[in-house]
Amino acid sequence: MEGDGGSEFRQWCLSQVKGAIDDDVTEADIISAVEFNHSGELLATGDRGGRIVIFQQEQESKALPQSRGEYNVYSTFQSHEPEFDYLKSLEIEEKINKIRWLPQKNAAHFLLSTNDKTIKLWKISERDKRPEGYNLKEEDGRYKDPTSVTTLRVPVFQPMDLMVEASPRRVYANAHTYHINSISVNSDNETYLSADDLRINLWHLDFTDRSFNIVDIKPTNMEELTEVITASEFHPLQCNTFVYGSSKGSVRLCDMRAAALCDRHSKLFEEPEDPSARSFFSEIISSVSDVKFSHSGRYMMTRDYLTVKIWDLNMESRPVETYQVHEYLRSKLCSLYENDCIFDKFECCWSQDDSEVMTGSYNNFFRMFGRDGQPGMTLEASWESSSPRCPLRPWRVCAGSRRNDDEIGVDCLDFSRKILHTSWHPQDGIIAMATINNLYIFQEKLN
Amino acid sequence: MEYKVEAHRIMSISLGKIYNSRVQRGGIKLHKNLLVSLVLRSARQVYLSDYYSGVCLNTQHVEAKEWELMDSNQEKPLTPAPEESLSPSTDCNQNPVVPEDPEVQHTSQAVEDSTDLHSVYSKHQAEEESSSEDSTTDVSLTSSPVTCESQCEAKGAEVSSSDCEADANPATVTEGNSQQPPKAHSCSNRKRTAEKTASNDSPVKRTKVTSSNSSEEEAEEMDTGNVSNLITIFGSSFSGLLTKESSEPEAETEDSDSGSGQICCDQMLKNLNPWSTAIVAF
Numbered sequence: 503m504e505g506d507g508g509s510e511f512r513q514w515c516l517s518q519v520k521g522a523i524d525d526d527v528t529e530a531d532i533i534s535a536v537e538f539n540h541s542g543e544l545l546a547t548g549d550r551g552g553r554i555v556i557f558q559q560e561q562e563s564k565a566l567p568q569s570r571g572e573y574n575v576y577s578t579f580q581s582h583e584p585e586f587d588y589l590k591s592l593e594i595e596e597k598i599n600k601i602r603w604l605p606q607k608n609a610a611h612f613l614l615s616t617n618d619k620t621i622k623l624w625k626i627s628e629r630d631k632r633p634e635g636y637n638l639k640e641e642d643g644r645y646k647d648p649t650s651v652t653t654l655r656v657p658v659f660q661p662m663d664l665m666v667e668a669s670p671r672r673v674y675a676n677a678h679t680y681h682i683n684s685i686s687v688n689s690d691n692e693t694y695l696s697a698d699d700l701r702i703n704l705w706h707l708d709f710t711d712r713s714f715n716i717v718d719i720k721p722t723n724m725e726e727l728t729e730v731i732t733a734s735e736f737h738p739l740q741c742n743t744f745v746y747g748s749s750k751g752s753v754r755l756c757d758m759r760a761a762a763l764c765d766r767h768s769k770l771f772e773e774p775e776d777p778s779a780r781s782f783f784s785e786i787i788s789s790v791s792d793v794k795f796s797h798s799g800r801y802m803m804t805r806d807y808l809t810v811k812i813w814d815l816n817m818e819s820r821p822v823e824t825y826q827v828h829e830y831l832r833s834k835l836c837s838l839y840e841n842d843c844i845f846d847k848f849e850c851c852w853s854q855d856d857s858e859v860m861t862g863s864y865n866n867f868f869r870m871f872g873r874d875g876q877p878g879m880t881l882e883a884s885w886e887s888s889s890p891r892c893p894l895r896p897w898r899v900c901a902g903s904r905r906n907d908d909e910i911g912v913d914c915l916d917f918s919r920k921i922l923h924t925s926w927h928p929q930d931g932i933i934a935m936a937t938i939n940n941l942y943i944f945q946e947k948l949n
Numbered sequence: 014m015e016y017k018v019e020a021h022r023i024m025s026i027s028l029g030k031i032y033n034s035r036v037q038r039g040g041i042k043l044h045k046n047l048l049v050s051l052v053l054r055s056a057r058q059v060y061l062s063d064y065y066s067g068v069c070l071n072t073q074h075v076e077a078k079e080w081e082l083m084d085s086n087q088e089k090p091l092t093p094a095p096e097e098s099l100s101p102s103t104d105c106n107q108n109p110v111v112p113e114d115p116e117v118q119h120t121s122q123a124v125e126d127s128t129d130l131h132s133v134y135s136k137h138q139a140e141e142e143s144s145s146e147d148s149t150t151d152v153s154l155t156s157s158p159v160t161c162e163s164q165c166e167a168k169g170a171e172v173s174s175s176d177c178e179a180d181a182n183p184a185t186v187t188e189g190n191s192q193q194p195p196k197a198h199s200c201s202n203r204k205r206t207a208e209k210t211a212s213n214d215s216p217v218k219r220t221k222v223t224s225s226n227s228s229e230e231e232a233e234e235m236d237t238g239n240v241s242n243l244i245t246i247f248g249s250s251f252s253g254l255l256t257k258e259s260s261e262p263e264a265e266t267e268d269s270d271s272g273s274g275q276i277c278c279d280q281m282l283k284n285l286n287p288w289s290t291a292i293v294a295f
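Residue numbers (the numbering used here), protein chains in the order written: chain A, 503 to 949; chain B, 14 to 295.
There may be inaccurate statements among the hints.
Below, a list of computed lysine-lysine pairs in the PhoX-like style, where the Cα atoms sit at most 25 angstroms apart [unchecked claim]:
# : chain 1 : residue 1 : chain 2 : residue 2
1 : A       : Lys590    : A       : Lys622
2 : A       : Lys847    : A       : Lys750
3 : A       : Lys639    : B       : Lys42
4 : A       : Lys720    : A       : Lys590
5 : A       : Lys590    : B       : Lys42
6 : A       : Lys631    : B       : Lys42
7 : A       : Lys607    : B       : Lys42
8 : A       : Lys520    : A       : Lys947
9 : B       : Lys42     : A       : Lys847
Which chain B residues face chain A? A few, computed with CB under 7 angstroms, are given here [claimed, not checked]:
#  : residue
10 : Ile23
11 : Ile26
12 : Gly29
13 : Ser34
14 : Arg35
15 : Val36
16 : Arg38
17 : Gly39
18 : Leu43
19 : His44
20 : Leu47
21 : Leu51
22 : Val52
23 : Ala56
Residues from chain A shown here face chain B by an in silico Cβ test under 10 angstroms; the list is partial [to be verified]:
#  : residue
24 : Val658
25 : Phe659
26 : Cys836
Simulated from the structure, these hints should not be mistaken for lab results. Please read all numbers here as calculations on a predicted model, not as lab measurements. Note that beta-carbon positions come from the ideal geometry of N, C-alpha and C, so glycine has one too.
Take these sequences, add in the hints, and give me the full structure.
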């Protein structure tokens with residue numbers, strides 16, 4: 503797999519690494535969601551412990567005009583707690599599965615976060631002033647003895663240290679029997695969808711006590727179950743359109759104007775299987791792990807275990823582009839099945855101008871493809887081998903166990919280090935991705 | 014031969030995963046278990062294909078005979094599933110006179126029918142391997158849609174749709190399955206029945222508007238917390254496999270060794286059940 507993108511590719515530099523740089527990683531610290539907001543100013547991460555950490559980009563400094571602002575911690579809060587379903591004797595994990603930002607309407611920021619069962623709407627707001635000079639209350643809040651008040655004054659707002667507060671504004675619960683895998687905010691900014699393995703529900707942001715079921719693929723007889731929903735997203739521009747990917751490798755586009763229950767798809771995007779490539783694990787590797795519309799809304803990208811496919815929404819028969827992420831793993835599927843790696847769900851993302859796509863791989867590698875049909879570039883997220891402002895060097899993966907400066911053998915890959923969650927800044931050449939417990943931020947090198 | 018070993022290994026691994034998923038935090042994950050069950054099914058297909066590959070004889074009339082046997086042995090509630098299992102075999106069938114010498118059956122014959130897909134799986138010449146307990150009986154037929162549908166439509170074909178990928182194939186595989194596997198078949202039909210009815214009793218209501226405060230109607234599907242054995246997880250269709258596996262791993266060996274084709278066949282017929290996903294319990 504050639505990796506020298508050369509001049510036609512952007513060059514990337516490591517900008518920041520967040521998180522503990524040590525080998526002792528607790529389960530709760532493992533990052534499970536990464537998402538830029540619509541302006542790119544905020545970057546949210548969720549972890550398996552149910553916490554959300556939001557980073558804010560500092561304003562571009564005059565001193566370093568060539569680099570964009572750094573991201574610093576803005577807010578940290580506990581979004582979800584572990585729960586126990588007593589009726590079913592099941593523990594509900596607090597792991598954050600997805601974070602989606604709402605477009606900003608006022609000074610506060612809103613985001614939706616979800617675990618397996620419950621979605622929450624969080625309001626993140628700043629407070630930099632507070633009222634002082636109450637007549638009946640001391641500064642620390644204790645009440646004064648009314649008889650000790652001799653004069654009256656009008657309380658005034660005084661500046662204070664910036665405080666960022668996160669408060670749960672809505673809790674959308676009890677609507678999913680199966681594990682929620684996706685949430686997506688509609689372009690109408692009033693509704694959003696949540697998808698679990700068999701159903702997709704449509705919510706209005708203001709109402710927590712009701713949701714509409716718009717897709718239900720649960721068979722009457724569960725024994726007939728053959729596929730599940732794996733990912734779902736609203737079209738970025740058309741508020742009536744959404745897609746959902748399935749475990750069989752197909753993607754269905756549905757139009758909510760056609761029927762209340764969108765079980766019948768409007769379009770079915772499916773590529774015929776290559777019979778020569780069948781194996782025990784063909785079904786697993788064809789399962790769609792992520793589906794993302796392009797910013798333009800014209801294209802759609804799907805990620806399965808070994809490939810990234812770009813689809814033109816006007817053509818259902820096959821993708822317009824297919825990129826091999828790590829084809830060298832095809833011969834190792836059995837081992838990957840044994841160690842459960844074959845079930846890893848990789849995300850993918852579009853560049854801000856839809857000219858490139860990016861997805862993660864193993865050994866802390868991530869892949870960049872330039873929409874030109876070329877094999878793409880392999881870069882590594884490693885704080886040890888990268889220095890800021892120094893462009894990352896592409897890697898190549900070869901057979902066997904060789905290891906050179908820019909080449910590594912398949913047998914040397916570390917499958918415990920994987921990049922599942924990635925996000926691309928909506929307007930700039932900045933990408934964020936999560937290794938096991940670290941957040942890496944790369945910036946495009948500006949010339 | 015190595016394919017057989019490989020298939021066997023994959024089956025063991027898959028079963029281990031399904032078992033472990035029950036104790037995982039966060040409950041059973043439907044998606045992963047569905048995928049694992051698909052792999053398990055494929056592996057079983059391959060594993061058993063050798064037995065039956067050579068047994069293809071007259072399909073039609075033998076099949077008909079088996080259907081009768083099947084019906085008589087199966088309890089009514091099991092209707093959808095059991096029928097399925099019988100289906101697939103155009104070629105092979107459940108031939109009561111099952112050859113006791115599996116070695117005679119060569120994949121080649123079966124493969125002829127199965128063309129590409131099957132050949133991918135079973136290139137090996139298998140000989141009857143009694144020890145493959147996991148081979149599970151039930152998994153009988155992952156059945157190719159071709160054969161399956163022809164047989165089972167009336168009965169409500171079940172999962173076969175998932176096997177559709179095996180278009181080209183497999184009667185061979187399926188037949189193999191249906192034919193008696195040397196072992197396993199002692200799975201109790203009765204138990205399977207019970208499982209099945211239990212798992213099918215949940216009414217599925219598609220409500221347009223689901224009140225978030227109402228209890229989930231589908232609660233029972235996820236109710237595996239109290240289950241303590243694999244049978245419940247898999248539902249009836251796996252019961253044979255599981256009972257066999259959990260209770261008498263050794264016995265299987267013996268059973269399989271029994272050369273009596275007749276007995277094995279009958280056992281198999283009684284225990285035939287369509288291979289369905291492990292997700293029945295969900």
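Here is how each hint holds up against the structure:
Of the supplied pair hints, the one linking A/Lys590 and A/Lys622 holds, its CA atoms being roughly 22 angstroms apart against a limit of 25 angstroms. Among the hinted pairs, A/Lys847 with A/Lys750 is consistent with the structure: their alpha-carbon atoms are about 14 angstroms apart, no more than 25 angstroms. Distance check on the hinted pair: A/Lys639 and B/Lys42 sit about 54 angstroms apart at the alpha-carbon level, beyond 25 angstroms; violated. Note on A/Lys720 and A/Lys590: the hinted pairing holds, with a Cα-Cα distance of about 19 angstroms set against a maximum of 25 angstroms.
About 14 angstroms separates the Cα atoms of A/Lys590 and B/Lys42, which keeps this hinted pair within 25 angstroms; it holds. Taken as a hint, the A/Lys631 and B/Lys42 pair is broken in the structure, with Cα atoms around 47 angstroms apart against an allowance of 25 angstroms. With a C-alpha separation of about 37 angstroms, the suggested pairing of A/Lys607 with B/Lys42 is violated against the 25 angstroms cut-off. About 20 angstroms separates the Cα atoms of A/Lys520 and A/Lys947, which keeps this hinted pair within 25 angstroms; it holds.
Restraint check for B/Lys42 and A/Lys847: the C-alpha separation of about 13 angstroms stays at or below 25 angstroms, so the hint holds. Using the Cβ-Cβ criterion of 7 angstroms, the hint placing B/Ile23 at the interface with chain A is satisfied: the shortest such distance is roughly 6 angstroms. Because the closest C-beta pair between B/Ile26 and chain A is about 6 angstroms apart, less than 7 angstroms, the hint holds. Checking B/Gly29 against chain A: minimum C-beta separation of about 10 angstroms lies over 7 angstroms; hint violated.
At a threshold of 7 angstroms, the smallest CB-CB gap from B/Ser34 to chain A is about 11 angstroms, leaving the interface hint violated. For B/Arg35, the interface hint is violated, the least distance from its beta-carbon to any beta-carbon of chain A being 11 angstroms, above 7 angstroms. Contact between B/Val36 and chain A, as hinted, is not supported at the beta carbon level, the nearest pair being about 11 angstroms apart and thus beyond 7 angstroms. At about 6 angstroms, the closest approach between the beta carbon of B/Arg38 and any beta carbon in chain A falls short of 7 angstroms, and the interface hint on this residue holds.
Because the smallest distance between the Cβ of B/Gly39 and any Cβ of chain A comes to about 4 angstroms, under 7 angstroms, the interface hint for this residue holds. Proximity of B/Leu43 to chain A holds as hinted, the smallest CB-CB distance being about 4 angstroms (cut-off 7 angstroms). A distance limit of 7 angstroms between C-beta atoms decides the matter here; for B/His44 the minimum to chain A is near 5 angstroms, and the interface restraint holds. Of the supplied interface hints, the one on B/Leu47 holds, with its beta-carbon coming within about 6 angstroms of a beta-carbon of chain A, less than 7 angstroms.
Interface restraint check: B/Leu51 against chain A, minimum CB-CB distance 5 angstroms, threshold 7 angstroms, status holds. Checking B/Val52 against chain A: minimum C-beta separation of about 6 angstroms stays under 7 angstroms; hint holds. Restraint check, B/Ala56 versus chain A: the minimum CB separation of about 6 angstroms is within 7 angstroms; hint holds. At its closest, the beta carbon of A/Val658 sits 44 angstroms from a beta carbon of chain B; the interface hint therefore is violated under the 10 angstroms criterion.
Interface restraint check for A/Phe659: the shortest CB-CB distance to chain B comes to about 39 angstroms, outside 10 angstroms, so the restraint is violated. About 7 angstroms separates the beta-carbon of A/Cys836 from the nearest beta-carbon of chain B, less than 10 angstroms, and the hint is met.
Hints 3, 6, 7, 12, 13, 14, 15, 24, 25 from the list above are not met by this structure, while the remaining hints are.
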